[in-house]
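Asker: Now for the letters of each chain:
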Amino acid sequence: DQQVKQNSPSLSVQEGRISILNCDYTNSMFDYFLWYKKYPAEGPTFLISISSIKDKNEDGRFTVFLNKSAKHLSLHIVPSQPGDSAVYFCAATFGSGNTGKLIFGQGTTLQVKP
Amino acid sequence: GAVVSQHPSWVICKSGTSVKIECRSLDFQATTMFWYRQFPKQSLMLMATSNEGSKATYEQGVEKDKFLINHASLTLSTLTVTSAHPEDSSFYICSARDGSHTDTQYFGPGTRLTVL
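Note that the protein sequences, when read in sequence, are chains A and B.
With the numbering used here, the residue at position 47 of the first sequence is 47, and numbering never jumps.
In the numbering used here, each residue's number is its place in the second sequence (first place is 1) plus 114.
No lab work stands behind these hints: they were computed from the structure.
Glycine included, each C-beta is placed from N, C-alpha and C at the ideal position.
A portion of the hints provided could be inaccurate.
[Claimed, not checked] Okay, derived cross-link-like pairs now, DSBU-like style, lysine-lysine, Cα gap no bigger than 30 Å in a straight line:
#, chain 1, residue 1, chain 2, residue 2
1, B, Lys134, A, Lys68
2, A, Lys68, B, Lys169
3, A, Lys113, B, Lys180
4, A, Lys101, B, Lys155
5, B, Lys155, A, Lys37
6, B, Lys128, A, Lys5
7, B, Lys178, A, Lys71
8, B, Lys180, A, Lys71
9, B, Lys178, A, Lys101
10, B, Lys169, A, Lys101
11, A, Lys71, B, Lys134
[Claimed, not checked] A short, non-exhaustive set of chain A residues, derived as facing chain B with CB atoms under 10 Å:
#, residue
12, Leu11
13, Gly16
14, Leu34
15, Tyr36
16, Lys38
17, Gly60
18, Gly83
19, Gly100
20, Gly105
21, Gln106
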């Protein structure tokens with residue numbers, strides 16, 4: 001049972017444009033969501049997170065939006081840069097923020113073309 | 115940010131042998147460490163949660179006798195894959211919770227295991 005889903009395995013955008021990565025979840029008990037960036041043969045690097053009490057969190061070029069009624073979150077990267085090319089995972093947890101058990105989506109490979 | 119290391123970064127072993135993977139928090143104390151496994155083009159799947167000084171909690175479907183986890187100190191957890199088989203070949207990643215912060219979990223760089 002895939003509780004966190006990233007239905008787009010890949011995304012290609014032009015440098016300078018906006019990248020939008022989507023994530024859906026099924027468990028309404030999740031109360032904390034995170035986005036990670038991962039390069040091949042490396043561990044995930046934390047990007048940005050959002051608590052379920054918020055609907056938006058912004059950090060520089062990265063913004064995460066949460067729509068609880070739709071059980072959907074998205075990561076916006078603007079402007080996109082070639083260095084953003086990587087696999088992006090969304091993850092969800094409950095009860096203890098980023099310290100708890102994380103349930104990951106399948107990942108979306110982002111390619112930003114110069 | 116805090117650093118989590120894993121050793122080895124990659125290992126090749128023969129079927130039937132055991133392999134130990136170390137996960138260390140280098141500049142903080144980790145009361146809790148997590149072990150994940152990632153198959154090619156798939157998600158990271160949590161295998162077990164390891165608390166310092168106590169037995170690990172395994173996720174459903176993960177064989178505790180096959181994947182031995184020890185978390186003997188606040189900076190070190192080990193995962194031993196016993197009697198490894200080719201289907202155990204995967205990318206194993208640990209993460210560590212910084213006990214001094216409430217919302218920080220750091221990931222190691224991962225270990226690529228190939229069982230021949």
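Asker: Decide, hint by hint, whether the structure agrees.
Answerer: Going down the list of hints, with the structure as the test:
{"no.": "1", "hint": "B:Lys134 - A:Lys68", "in the structure": "41 Å, violated"}
{"no.": "2", "hint": "A:Lys68 - B:Lys169", "in the structure": "35 Å, violated"}
{"no.": "3", "hint": "A:Lys113 - B:Lys180", "in the structure": "44 Å, violated"}
{"no.": "4", "hint": "A:Lys101 - B:Lys155", "in the structure": "21 Å, holds"}
{"no.": "5", "hint": "B:Lys155 - A:Lys37", "in the structure": "14 Å, holds"}
{"no.": "6", "hint": "B:Lys128 - A:Lys5", "in the structure": "35 Å, violated"}
{"no.": "7", "hint": "B:Lys178 - A:Lys71", "in the structure": "33 Å, violated"}
{"no.": "8", "hint": "B:Lys180 - A:Lys71", "in the structure": "36 Å, violated"}
{"no.": "9", "hint": "B:Lys178 - A:Lys101", "in the structure": "18 Å, holds"}
{"no.": "10", "hint": "B:Lys169 - A:Lys101", "in the structure": "16 Å, holds"}
{"no.": "11", "hint": "A:Lys71 - B:Lys134", "in the structure": "39 Å, violated"}
{"no.": "12", "hint": "Leu11", "in the structure": "15 Å, violated"}
{"no.": "13", "hint": "Gly16", "in the structure": "28 Å, violated"}
{"no.": "14", "hint": "Leu34", "in the structure": "9 Å, holds"}
{"no.": "15", "hint": "Tyr36", "in the structure": "8 Å, holds"}
{"no.": "16", "hint": "Lys38", "in the structure": "9 Å, holds"}
{"no.": "17", "hint": "Gly60", "in the structure": "16 Å, violated"}
{"no.": "18", "hint": "Gly83", "in the structure": "18 Å, violated"}
{"no.": "19", "hint": "Gly100", "in the structure": "8 Å, holds"}
{"no.": "20", "hint": "Gly105", "in the structure": "6 Å, holds"}
{"no.": "21", "hint": "Gln106", "in the structure": "5 Å, holds"}
Figure legend: structure checked against the earlier numbered hints; hints not met, in rising order: 1, 2, 3, 6, 7, 8, 11, 12, 13, 17 and 18.
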